[in-house]
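Chains A, B, C and D, in that order, are what the protein sequence lines are. Just remember that our numbering sits 142 ahead of the position in the first sequence, which is counted from 1. Just remember that our numbering sits 142 ahead of the position in the second sequence, which is counted from 1. Just remember that our numbering sits 142 ahead of the position in the third sequence, which is counted from 1. Just remember that our numbering sits 142 ahead of the position in the fourth sequence, which is counted from 1.
Be aware that a few hints might be false.
Since the list gives no way to pick out one identical chain from another, each pair is judged satisfied if it fits inside one copy or across any two copies.
[What the hints assert, rightly or not] Straight-line Cα separation of at most 35 Å, DSBU-like style, residue types lysine-lysine; simulated pairs:
1. K160 with K352
2. K160 with K388
3. K360 with K202
4. K352 with K388
5. K350 with K388
6. K352 with K230
7. K360 with K350
8. K146 with K194
9. K360 with K230
10. K160 with K146
11. K388 with K157
12. K350 with K160
These are calculated hints, taken from the structure and not from any lab test.
Number of protein chains: 4
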Amino acid sequence: MTIKVTVWGENVHEKTNKVVARIYPDGMHNCIAAGLNEDQDIEATSVTLQDKEHGLTEEKLENTDVLIWWGHAAHGDVADEIVDRVQKRVLEGMGLLVLHSGHYAKIFKRLMGTTCSLKWREAGERERLWVVNPGHPIVQGVGDYIELPHTEMYGEPFAVPNPDEVIFISAFEGGEVFRSGLVYRRGNGKIFYFRPGHETYPIYYDDKVKRVLKNAVKWSQPEGSRWIDSCPCVPADQAPNPIEVKGEGLHKPGEEGFK
Amino acid sequence: MTIKVTVWGENVHEKTNKVVARIYPDGMHNCIAAGLNEDQDIEATSVTLQDKEHGLTEEKLENTDVLIWWGHAAHGDVADEIVDRVQKRVLEGMGLLVLHSGHYAKIFKRLMGTTCSLKWREAGERERLWVVNPGHPIVQGVGDYIELPHTEMYGEPFAVPNPDEVIFISAFEGGEVFRSGLVYRRGNGKIFYFRPGHETYPIYYDDKVKRVLKNAVKWSQPEGSRWIDSCPCVPADQAPNPIEVKGEGLHKPGEEGFK
Amino acid sequence: MTIKVTVWGENVHEKTNKVVARIYPDGMHNCIAAGLNEDQDIEATSVTLQDKEHGLTEEKLENTDVLIWWGHAAHGDVADEIVDRVQKRVLEGMGLLVLHSGHYAKIFKRLMGTTCSLKWREAGERERLWVVNPGHPIVQGVGDYIELPHTEMYGEPFAVPNPDEVIFISAFEGGEVFRSGLVYRRGNGKIFYFRPGHETYPIYYDDKVKRVLKNAVKWSQPEGSRWIDSCPCVPADQAPNPIEVKGEGLHKPGEEGFK
Amino acid sequence: MTIKVTVWGENVHEKTNKVVARIYPDGMHNCIAAGLNEDQDIEATSVTLQDKEHGLTEEKLENTDVLIWWGHAAHGDVADEIVDRVQKRVLEGMGLLVLHSGHYAKIFKRLMGTTCSLKWREAGERERLWVVNPGHPIVQGVGDYIELPHTEMYGEPFAVPNPDEVIFISAFEGGEVFRSGLVYRRGNGKIFYFRPGHETYPIYYDDKVKRVLKNAVKWSQPEGSRWIDSCPCVPADQAPNPIEVKGEGLHKPGEEGFK
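Whenever a hint applies, use it, and build me the whole structure from the sequences.
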């Protein structure tokens, strides 16, 4: 069955920076979507910050199996209401791939609960992303490592919770290291953080980077059922064991809990 | 060395509900602090929602090793700025104990990244909190289980990330079960969620509940050093390996990263 | 594609205990396999302790996607060599479902690294297995809980490493609780421990228990590729960065590492 | 209170290899113990493979808070009975530091449940161990990284279960990376794997390496109480809820469970 992917692009530097505009004339989001659409099991479309509701309407999210997030300069412009909506869908089971500078996106910080900070340097240096587990579905077809000739450096400490598994570790020409592929499960959503993607280099045209994104889309698609959580009150007469109501309560019958 | 504990109390039901006022005439926060102060290694004070900055000024938090949080009816009244401040201190290493209905506190949802919802029922039923690991520091002195004769029921599913360890599992008279003691590490802060504490019952006078809180304060006190994370740019001439700056960048030298 | 399942049965009590023989005249392993074969995507066969190499020849394991393990009285009779072989296949990606008293099977203790002990009682009491996450693939179709009218009790503490997720928590008529469905990943193998299955009750005829086993087979089938790990020496002239061999070594070129 | 440390040394290469004998004339174990004894809170002694019961008698282990393990050429000569004994003490709460080639020690593979394999190369190349979390107790006093001018390379994939936290990541001169400091909790024992230590270089004289070992000893010392787990049968008349024995059982009253 076709996996429906929505690629969310900030689409700011493509308009304001000549280097980025030259490398990604149609925007990074469209380049990423085009790469995914090479795979016939994937149907990827793109939306941007500038679209109504940033393109992430209830209906669009209902029809998204996996969301990909690329943002950098305008994290603060993303409406909290949309972040709430995306978080809800991830917890229900939608996959989420967060790319590069998306480590500081509101949705990523929201799901991690930490600062998500790191060290960085722009020197156009070489990066090698080493595969930590050659049997993982996400790394199939990439060999021992991915080599990117020119990129921005991200260095440890990367202030995130301990992941379920480290998929890639990067070594940079300047000497630093970084956990550059991390997987998490939050609610029933599978989350993959993937470091490559600095906008001043043609990273999303790289075959191995495209391979990882295709693999990650397949790995993160929803499984199980969609569960809407709701904090329900279970009336005493519906308890599995018969119980008699005792003592004093705060809530009247049928009243909702405090949030 | 003395461990400095701040007990944060919402202090709303104590003023508005006769049952709660009768059981906790000085407020739940003061009852909890008094229980902790029985231990000479602990120095506990209390603050409330109604205090200036909810009592959680920069200075107060600087002088807090472990923060205890009890809230229920007024989670929405806690200022986001104070939540930011508490989160920052937890990530730096301050311990955090979240009690009962605090599962829906902004600070707990912030650190978990999930909804933190559950099932509930007010029927004054019996709860037994079973110890899952008798060797854990938090459960010393409580035996096989804690029995509370009358309490509110919380039932699974409890929508939180997988904890580092389940410390207690509760069985309720009505039949439901709940993971009622959970530990997490976020940044360098140790977090303990502990379920007991419904305000219409004298739970915080219970000897075993007091014992768990004392143990948890000791377990969650800061260790290691305080690390202020900051997303620093590492200049190319400070890289461990000599590198030549290549390619095109977005940032001017010394410029801060986007947040 | 069809998932190939091998059900391993100890097949001792079926021969030596009249109660067990009456309930499972063809052996528990065949009852479990028959339940799985109701699903057209699954092709389950069974083998037993008494078979040559316990039925787990290299060839059989090569052709197994998911192995199910039921043992109780004769854990000690399983040859270590066969345990090594099963462990290797799990780490390579074969799914493993360990049932009931299999908590003490050599292969489970091997993969956990802990004692895997618990409390127990045979009193034919009622058990309810509560679903901890209604959205998980393993619990689809079972509702809020599974109720088994008569079973053996297993109680906490269950001495296992913290699981990746708790899927079920049981409450017993006598009052105890138990984490009765746990998932782990070791290497690329997905492991599911599932408590139900005491041999003196017709547990494996229960529709919800059968549903969970079918779901778990699908959840635990291999994904990604098979990776044979081997501790290879990387010659200096194959390092990604050119390096000159310096200093003094222990090993001669091409020599294997110590094990 | 003084922390009692036992340093276990294989003590083979010190006797058979001239390079190792020159660098560690008193054996690596004594060098490691001497480094720890610089700290007045630590009292370290050493034992070796060649000692009776490999120096790890019941009495010695009873009096050990933290055990340090260095082995390489003779993993297979360690008696399984001693491995059982060490495992039991770790699960009860004894700290365990496993060094360098100890990744293949029986006790480490036992506690991990995986192969613990990796890539390696002896070329005397430079290693930098980067600190992943500057606030962790284990890394206090080491700065951003530890640099070792000459060492053996270990490279990913390192076939271990996902750790509780990655403490160090190494970058090697030849380009490879490795998770070189990992923490686990198994039972109530804290485990730290620390990569440095190739015997043909004077690694254990390095001030930062010594600092890490001192820190790790303090971090891994026992906390909580010692729990001896035993798989007890809970008689029906001792269940918290009154229950009537029903159905048919396998065990006679008072009989032990199968192991």
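Against the structure, the hints come out as follows:
1. K160 with K352: For K160 and K352, only the intra-copy Cα distance (24 Å) is at most 35 Å; the inter-copy one is 51 Å.
2. K160 with K388: Intra 71 Å, inter 17 Å, cutoff 35 Å: inter-copy only.
3. K360 with K202: both (19 Å within a copy, 29 Å between copies)
4. K352 with K388: Between. Shortest inter-copy distance 24 Å satisfies the 35 Å Cα cut-off; intra-copy 61 Å does not.
5. K350 with K388: Between copies, since 23 Å is at most 35 Å while 64 Å is not.
6. K352 with K230: both (27 Å within a copy, 32 Å between copies)
7. K360 with K350: both (15 Å within a copy, 29 Å between copies)
8. K146 with K194: Answer is within; shortest intra-copy Cα gap is 20 Å, inter-copy 49 Å.
9. K360 with K230: both (21 Å within a copy, 26 Å between copies)
10. K160 with K146: within (32 Å within a copy, 55 Å between copies)
11. K388 with K157: Answer is between; shortest inter-copy Cα gap is 23 Å, intra-copy 66 Å.
12. K350 with K160: The answer is within: 26 Å in one copy meets 35 Å, while 47 Å across copies does not.
Checked against the numbered hints listed earlier, the structure breaks none of them; every hint is satisfied.
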